[in-house]
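Asks: These protein sequence lines map, in sequence, to chains A and B.
If you want this note's numbering, it's the 1-based position in the first sequence plus 771.
If you want this note's numbering, it's the 1-based position in the second sequence plus 129.
Source of the hints: derived by calculation from the structure; they are not laboratory data.
Some clues are possibly wrong.
Pairs of lysine-lysine residues, derived as DSSO-like cross-links and limited to a Cα-Cα distance of at most 27 Å, are as follows [stated by the list, open to error]:
1. K774/A <-> K382/B
2. K774/A <-> K366/B
3. K246/B <-> K380/B
4. K246/B <-> K382/B
5. K131/B <-> K774/A
6. K944/A <-> K894/A
7. K366/B <-> K931/A
8. K774/A <-> K246/B
9. K894/A <-> K931/A
10. K380/B <-> K774/A
11. K777/A <-> K246/B
12. K324/B <-> K894/A
13. K777/A <-> K131/B
14. K894/A <-> K946/A
15. K774/A <-> K324/B
16. K863/A <-> K931/A
17. K863/A <-> K944/A
18. K931/A <-> K944/A
19. K863/A <-> K946/A
20. K382/B <-> K777/A
Quick caveat: nothing in here was measured; it's all calculated off a predicted structure.
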Amino acid sequence: MAKFCKNGHQMEDGWDDCPYCQRTGYQRQRPASSSKTRLDGTGLSAEINRLDATQDYRSLSAAGAGGKTVLLASIHRSPVVGWLVALNGVQKGEDFRLREGQNVLGSAPGSDVQLQDAAISAKHASIRYKDGAFSLTDLDSTNGTFLNDSQEPIARETLKDNDLLRLGEVSLKFKCL
Amino acid sequence: MKIRGDVELANLSDVGCIRTVNEDYFLYAEPEDQSEFMRRGRLLVVADGMGGHQGGEVASGIAAQIVRNVFFRSERDSPVDVLAESFDEAQQAILDAAGSSEELADMGTTCSAAIVKQGWASFGHIGDSRIYLVREGSALQMTEDHTLVNELFSRGAIAREEIENHPQRNVLTSALGSLSPNAVINFSEEPMPLKRGDVLLLCSDGLHGLVSAEEMCSILDGGALSDACRSMVDLAKRRGGADNITVQLLKVKEEWHDRSPD
Numbered sequence: 772m773a774k775f776c777k778n779g780h781q782m783e784d785g786w787d788d789c790p791y792c793q794r795t796g797y798q799r800q801r802p803a804s805s806s807k808t809r810l811d812g813t814g815l816s817a818e819i820n821r822l823d824a825t826q827d828y829r830s831l832s833a834a835g836a837g838g839k840t841v842l843l844a845s846i847h848r849s850p851v852v853g854w855l856v857a858l859n860g861v862q863k864g865e866d867f868r869l870r871e872g873q874n875v876l877g878s879a880p881g882s883d884v885q886l887q888d889a890a891i892s893a894k895h896a897s898i899r900y901k902d903g904a905f906s907l908t909d910l911d912s913t914n915g916t917f918l919n920d921s922q923e924p925i926a927r928e929t930l931k932d933n934d935l936l937r938l939g940e941v942s943l944k945f946k947c948l
Numbered sequence: 130m131k132i133r134g135d136v137e138l139a140n141l142s143d144v145g146c147i148r149t150v151n152e153d154y155f156l157y158a159e160p161e162d163q164s165e166f167m168r169r170g171r172l173l174v175v176a177d178g179m180g181g182h183q184g185g186e187v188a189s190g191i192a193a194q195i196v197r198n199v200f201f202r203s204e205r206d207s208p209v210d211v212l213a214e215s216f217d218e219a220q221q222a223i224l225d226a227a228g229s230s231e232e233l234a235d236m237g238t239t240c241s242a243a244i245v246k247q248g249w250a251s252f253g254h255i256g257d258s259r260i261y262l263v264r265e266g267s268a269l270q271m272t273e274d275h276t277l278v279n280e281l282f283s284r285g286a287i288a289r290e291e292i293e294n295h296p297q298r299n300v301l302t303s304a305l306g307s308l309s310p311n312a313v314i315n316f317s318e319e320p321m322p323l324k325r326g327d328v329l330l331l332c333s334d335g336l337h338g339l340v341s342a343e344e345m346c347s348i349l350d351g352g353a354l355s356d357a358c359r360s361m362v363d364l365a366k367r368r369g370g371a372d373n374i375t376v377q378l379l380k381v382k383e384e385w386h387d388r389s390p391d
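Make a model of the complete structure from these sequences and hints.
Replies: Pasting the structure below:
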């Protein structure tokens, strides 16, 4: 006789607790809202037509090659607001665009800023541009994120033009628009 | 949870062979109270999360739980209206959560849900998780993937053969959590009558990307449903298991309609 937990997950006979339920304990309730998300498809044409082969093709290919699902809207999400330039390592001299909103720095394929270094975590840090300010956040990386000359890893810091970031063995210069 | 004997249920979710985190989530619900059960029916959900730092697993969990909460408390009678209400709330909850935390920013999730009520099935769907109806050895896909390649194919820009290996096959055009004004959610226009032997199959792209509908049908041909879940997941893993793999199966064991639907 098959056994199921309170969320309808099938349980092995020997299990007392459901591993699926332990993973997600989200039980948030909110009042019924009138928000409408059912929208028609007009406008998708324009979004897709912007996807010509020359524009952002690299980031699209990287997303596909990594097998990671991404949203079309997030690829074209926003204008460029700054750059990072790698100062050393195999990507020395390469520049990375930073866009409005969140930019994830890491070694995972499909990262907004994909860095090749063994000491860099898959999702290592993020740079967020909001309301005219850049904030750098470490995403619980294994080896930490460092800013300028500090020997102490940061949790979250505000970035200013020409700041120097260090992730793993890679140093990056930050330039804002 | 006790499941009424007119159906057989089985489900399984696996992190796969490459990923370290399972961002898929799924659930099943049916009210214990008989009058509530007659009013609401039973619910199946599969969601595949993405984006943000740890955001993917949070987004899929939020979506499934909100859909479940609305299923149990909605005042609406029509299952499609219940699903529409639940998807709206899930969308808002994901956007709220994403806006409250740097680590959850930009998260999103697919969501495929079915309500089976008094022998009729209704569907709600966004993203590229799928719902199939397997009847007499054939699988009918009830959902259209909201993917860029599907959109390009429907416009005639690429051929069907190009879909599977297209470099942009993982790009979604719609997901819960997307602020894009072009995001769409699809709902079944009419409820579908189910008959004895039918199997509803909900799965994430970790399964349907590696196992064809024909293969799913042949695995379902006889044997226990829980064995079929395991066989499907194992087959996807033997083929690389690059993504998380989730499958949920519900088989109709009794004839619900006086006259068998055509």
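Asks: Could you run down the list of hints and mark each one as holding or not?
Replies: A quick look at each hint next to the structure:
no. : hint              : in the structure
1   : K774/A <-> K382/B : holds, 18 Å
2   : K774/A <-> K366/B : holds, 25 Å
3   : K246/B <-> K380/B : holds, 14 Å
4   : K246/B <-> K382/B : holds, 14 Å
5   : K131/B <-> K774/A : holds, 8 Å
6   : K944/A <-> K894/A : holds, 19 Å
7   : K366/B <-> K931/A : violated, 46 Å
8   : K774/A <-> K246/B : holds, 22 Å
9   : K894/A <-> K931/A : holds, 22 Å
10  : K380/B <-> K774/A : holds, 16 Å
11  : K777/A <-> K246/B : holds, 20 Å
12  : K324/B <-> K894/A : violated, 47 Å
13  : K777/A <-> K131/B : holds, 9 Å
14  : K894/A <-> K946/A : holds, 21 Å
15  : K774/A <-> K324/B : holds, 25 Å
16  : K863/A <-> K931/A : holds, 21 Å
17  : K863/A <-> K944/A : holds, 11 Å
18  : K931/A <-> K944/A : holds, 10 Å
19  : K863/A <-> K946/A : holds, 16 Å
20  : K382/B <-> K777/A : holds, 22 Å
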